Amino acid sequence: MNKSSPTFTHLRTQAEAQAARLPTLLAQAEQLAGTILLGEHGRRRAGMGDDFWQYRPVQPGDSARMVDWRRSAKSDAQFVREREWQVAQSVMLWIDSAASMRFSSANDLPHKAERAKVLGLAIGILLLRSGERVGLTGTTLPPRRGTEQIERLTMALLQDNDTDYGVPEARAMLPHARAVFLSDFLGDIEGVRVALEKAADRGVRGVLMQVLDPAEETFPFQGRTVFQSIAGSLNHETRKASELKDRYLARLADRKDELTKLCKAAGWQYHCHVTDRSAQQAMLWLYRALDGGR
Amino acid sequence: MAGLTLAFANPLLLAALVGLPLLWLLLRAIPPAPLKRRFPGVILLLGLQDEDAVSDRTPLWLLVLRMLALAALIVGCAGPLLKPKGADQASDAPVLIVLDGGWASGDSWAAHQQMLTGMLEEFTLAARPVAMIQLTTPEVPLFQPAGAWQSKIVGFAPQPWQPSPETFAPVIGALKGRGFDTYWLSDGLRWEGREDLLAALEREGTVQVFETGRGVVGVHAPNLKDGTIVVSATRSRATATQQETLEAHGRDLAGQDQVLAAVPLTFQAGDLTAEVGLNLPAELRARLTRFELAGHRSAATTVLSGDSLRRREVALIAGRADREGLELLSPLHYLRQALAPNADVIEGALIDMLPANPDVIVLADVATIAVAEEAALLDWLEGGGTLLRFAGPRLAASEVSRRTEHPLMPVRLRTGGRSVGGAMSWGEPKTLAPFPETSPFFGLPIPADIQVRSQVVAQPDPTLADRVIAELSDGTPLVSRKTVGQGQVVLFHVTANAEWSSLPLSGLFVQMLERLAVLRSVDEFTPEQLDDTIWQPLRVMDGQGRLQDGQALSGIAGEILTNRQFGQDLLPGLYQSMDRVVALNVMTSDQALPEMFWPSRITVRGVDVSVTRDLSGVFLSLALVLVIVDIVASLAVSGRLHRMGATAVMVIAAFMTPQDGRAQQDPSGSGEVSLAYVVTGDRNLDTLSNDGLRGLSETLFFRTSVEPESPVAVDLEMDELAFYPFIYWPISSTQPIPSKEAYARLNTYLRSGGMILFDTRDADVARFGSTSPNGRKLQRLAAPLDIPPLEVLPDDHVLTRTFYLLRDFPGRYNSHDVWVEAAPPDAEKIEGIPFRNLNDGVTPVVIGGNDWAAAWATDGRGNPLYPVGRGYAGEHQRELANRFGVNLVMHVLTGNYKSDQVHVPALLDRLGQ
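First to last, the protein sequences are chains S and L. Whatever position you read off the first sequence (first residue = 1), add 78 for the numbering used here. Whatever position you read off the second sequence (first residue = 1), add 313 for the numbering used here.
Just chain S, same shape as in the assembly (with noise of 0.2 angstroms):
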C-alpha cells in the first residue's frame, strides 16, 4: 500500500488528531497526579533509569564510581544518586478487521471499524511516543520502539478481512505484556474465551473493548425484514422486526455480560464503546485501563 494513498493518510491523521488532544504519556507520568499514565513507567523503587529517585549514604559495596561527589561535598557523608527504576512495556493490539465491523447505521456515525481503528492507532502512538514497545498480536508485526512503528501499524491496520465476524488473534503473546483488543465481540464467543484463556496462560493482561454501532444497541427495526450479516452469510427473516426487540437485547446484554465475566477471569478490563459517543471518551478510558493495569 502507498504510504500516500488517501486512506493511509486519512486513518493516520485522524489518529494523530485524537492522539493530539491528550498530553503525552511521559508528561502526565511526571506528574504523577495525571489519570493517564503510559509509557517508561517509574517503579517507584530504585533501579535502572534516567529520572532521580533518590540520594542514600554509601553503603558498603559501593563502588567509588556511584558515590555522588556533588552532593557528597555538602556534607561530611558520603551519598549515592539513585535513579528510578524504569521498564519498558510491550502493547499488542487486536483490531478486528472483519465484515461485520465495517457497519454504520447512519450516514454521519463512522463504520465501527474506522473508530476501532483510529481508538487502537491513537493509543499505539501515545504508548509509542512515550516509550513502550507496540506491535499487533499474531506474527504479522511483533512489538517495535520509535515513531517508524507508527506506520507500520497504519499499514497493518489498513488490511481488512472478508470473513463475517472476527475472532481475536492470541498467538504468539509475549510473556506479561499487555494486550489491546477492539471488536464488536459479536462472533462465536468461543474464540474470545480461548484467546483471553491464552492470554491469562502467559500472564497477559489487558483491556478489551467492544465497539457497537447504536442501531446494535437499540435495535430500531420495525415491519417485514430480512436481516442480512454484511458478508451476507448469515440471514434471518421476520414479519414483525419491532417483536424481535425485547429479545435482542436482552441476548445482547447476555453477550455483554459473558464478556464481562471472562475478562474478571483473566484479569483484564471489558468495556462497551457506541460509535454515536465520542471517541475522546472510549480514548480516556482504555489510558486508565491500561494505566490501572499496570
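The set of hints was computed from the structure by calculation and includes no laboratory data. Treat the numbers as computed from the prediction; the structure is a model and nothing was measured. Each hint should be verified, as a subset may be incorrect.
[Said to hold, decoys possible] In silico PhoX-like links for lysine-lysine, alpha-carbon gap of 20 angstroms or less:
#1 L/Lys349 x S/Lys318
#2 L/Lys349 x S/Lys323
#3 S/Lys342 x S/Lys276
[As the list claims (entries may be wrong)] If you anchor each label on the Cβ, the simulated ranges turn out as follows:
#4 L/Gly360 x S/Ala343: 24 to 30 angstroms
#5 S/His189 x L/Gly360: 41 to 47 angstroms
#6 L/Leu376 x S/Lys334: 24 to 30 angstroms
#7 L/Val331 x S/Lys334: 55 to 61 angstroms
#8 L/Gly360 x S/Lys334: 15 to 21 angstroms
#9 S/Ala328 x L/Arg351: 30 to 36 angstroms
#10 S/His189 x L/Gly1173: 43 to 49 angstroms
Glycine is no exception: its CB is placed at the ideal position from the N, C-alpha and C atoms.
Position chain L relative to chain S; hints supplied.
Quick look at chain L alone, frame taken from chain S:
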C-alpha cells in the same frame, strides 16, 4: 327540468367494479414486501421465532384507500355525465327541429347550439328519428337517428338574412303528411310566412317553440347631422330599460382594428328605439369602419359605415389673390361657406395639393394652368378626381378652349362671354330652366329668385348637348360636364361669387354641389346611377356580424344592390365600384323589429342551456389523489417514509413551485439613468453588450457626474424605451427583424430625443455601407426607422467636445467611418467659433462598426475583458474608446448645451461686460 341525472358514457366499464371484492381478498392476503437490511447483529437473532404466526397484513384503512382509488378510476373511465333531466318524452313520433337561422338568431346562436346538443342526446335516448332544417338555408331533411345529427350541429350557422317563404315553403311542402313533432328554435321576430309555416307544421304534430326571451336588437346605419354622427337602434321588445354600449370601430394609426369610441346607448323602458350621438374629431371619423353593439353577435348589431361618414377633401384654388378687406367678393368665399361644414377644405398652390390626392379640386376663375400642373391634374382626373371649375372675368378674357377643346374644359368657349339684363344690355337677367331627367340635378327645386347676369357661352359642338347638365331659361348652358378617365370635369359657366349671378347665394348651390358629390359621397344611388355597374365585395358579413374578406366573391350588378334582398347572392358588407364604396347593412335606415306573438295554443319555452357536465375528470383526479396518498401511506407502513421524507418533501415542493417564475420587472425602476442595449437573441453578444455598458457605466461613474445604474437589456417587442436615453444596438446577422409595433415605438423614441448607437462590429474587415453581412443586416433593420440624412462625423461636431476633446472614435477597431445626422445645409462656419452651429438637437443615431462594447467591457472588478490593439497603443485606444463613450452619453444627456456654450462670449458681450 327537475333535477339532474347521472349517466355514463361507457356504462359497460362499470362492470369492472365487480372485480373490487376479489382485489380486496388479494390485497388482504399479500403482506407488504420484506425489507432487506444489512445488520451485523443478525447473529444474535438467529433462531428467534416470530411470536405472531399470522403474517403482517396490509392495514384495513390502507386497503379501503386503495379500493376507493380503484373505484374512482373505474368510474372515471366509465365517463360519468351529470346532465339535466330532459323534457317529457311522451311521444315517440319523429321530430323536426326547425332553426330560424337568420341574423336575428346570431345573438342566441351559442345557446341554441348547446340546447340542440342536449335535445339530440335526449332524442338519442328516446330513439326518436330527427330531422333538422334551417329556414334561411332550407334543404329537404332526412329523418335520421339523433346521433347522426350530433356531429352536424356545428355545420349550422346563422345567415346574414332572414327566412323568406319563397325559399323554405317548397321544403316544408315536401315534408307534408310525414307526421312529426316540431321543436322550433325561434329568434322571436315576426316575419312574412311565419304564421303559414306554423300552421303547416301544426298539421303534422305538436309544435314547441323555444325562445331566449331576450329580444332582438338592431342598429340602423349612422347619419351625419351637423357634424355629429347619429346612430339609432331598435329592439323587438319594449320591456325594461336596456343598457347597451355602442362601439365605434376603426383603424388605429398602425392600421389595426380598434375601438375608437364607446358610448352608452339606452333604451328607455317602453321604448322600441334609442338614439345616441357621437361627436368625433374629423380625424377619427375618417378612420371609422363600423359600429357594433358590445356583447352582441349579430349582423344586425354591426353596421358598416362605408364612405358615408368620410369627409371629402376639397382643394380650393382661386385665379387671383384675395383683395384684402373685400371678403364677400372673394371668388372662394361662398364655396368655403358651403363646404366648410361638411368637407375638409385645403387651400394652397395646386402643385402642392395634388400629392394630398384631394377628392375634389375647385378652380375658381383660373384660366391658364402650367404644363406640368396640367399633366399632373390630368393624371389625378384619370384616377377618379372631380375637377370643379368656375368661370369669371379671367376665363372669359383668356384664349383657353377657344378653337380646340382644352382637356381640362368640358366645352369650347366663345370669346368674351355675355352679360344680360345689365344697364348696358338688352333683356332681363336669366333664370334657370328645369333640370332635364338625365341631369344629376334632376328633381331639385329651383328657387324663382336666382338671376344670372353674366356667363361664358359655349361653342356649339356635336357633343355639347350631352355635356350640358343645367341650362338657363334661354337654353344656354349653365353647367357642363365631361368625364375624363374615372374622373370628371364640371364647369359652372358663372362665377363662384355673386358677381355674375345670385346662384352661389341660394340653397340650390349647396344642393347642386351635393349632387355632384362634392360635399360628400352619396350612399343612396338612384337606380339609373347603378345601371350597368358592377360592385366588387370588399368585406362581407356573416350572420353573427363577423367580417370576412370578400375579394374572392364575384362582382354584383348594381340593380341587385338596390334591391337589398340579402341571400346567397347578396351578402351584407362593403362594395366598391370605381372610387365609390357603399356599405350594405342588414338593417335599413328605419327598419323596425316586430316581435312574434305566438298563438296561445303554442307552448313557448325558454332556451334552457343547462349543460351536461362531464364528471370523469373529477373522478380521475380523485383517483390520482388517492394513489398519491396511498404511496405516502405505503411508505409509512413499511417504515421507509422516514428515509424518503426529505426526498418526498423536495419533490412535492418542486411540484408546488410556480413554474412561471419570471420576475416582474419594474420599468420605472430607472429612477437613475441607466444605459440600455438591445437584446439580439445571441447570448454571447448580449453578454458582451452588458459587459460593455457596465464598463462604460463605471467609467462614467468615476469620471463624470453621470452615475448610471447597471445596464438594462431591452426587448424591443415588449419593453418601454422611453426610460433610456441611450440604447446600444449591436448588429448580428442572425438577429430577428422587430415587428411593426416595435418599429413604431423605436421611431417615437428617436423623435423624442433618444439615441441609438448602431454597431456593426466589423470595422476591421468592412467599410461602412459596404456589403458585410452585418452591414446588410443593419440596412434591413434600419430601413423602417425614421432616420434623418447622415454624414460622416465631421471634425467640428459637438460630439468631439461634449466632455473630452476627441478626434478619433475608436472602439476595439479604429475606423473613421462613424456616421451621425447630417448638418443642415445652411450651417456655416463662423469666424472665431470652433464649430458650426450644427443641429439644435441630439443626433438620433450614431452608426459605426468599431465594436465599442468590446472595448468598454469590463468584468465586475474593472478589468478589461477583451484585448484592444497591442501594448501601450492598445491601452491608449481603449482609453479613447472610453472617452468616446463618455462624450456620447454626455451628448445624449446635455443635448445642445455644449454647442450653446460657444455663444457665451457673445452673450456676455451683449450684457455689457
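List of violated hint numbers, smallest to largest: 5, 6 and 9
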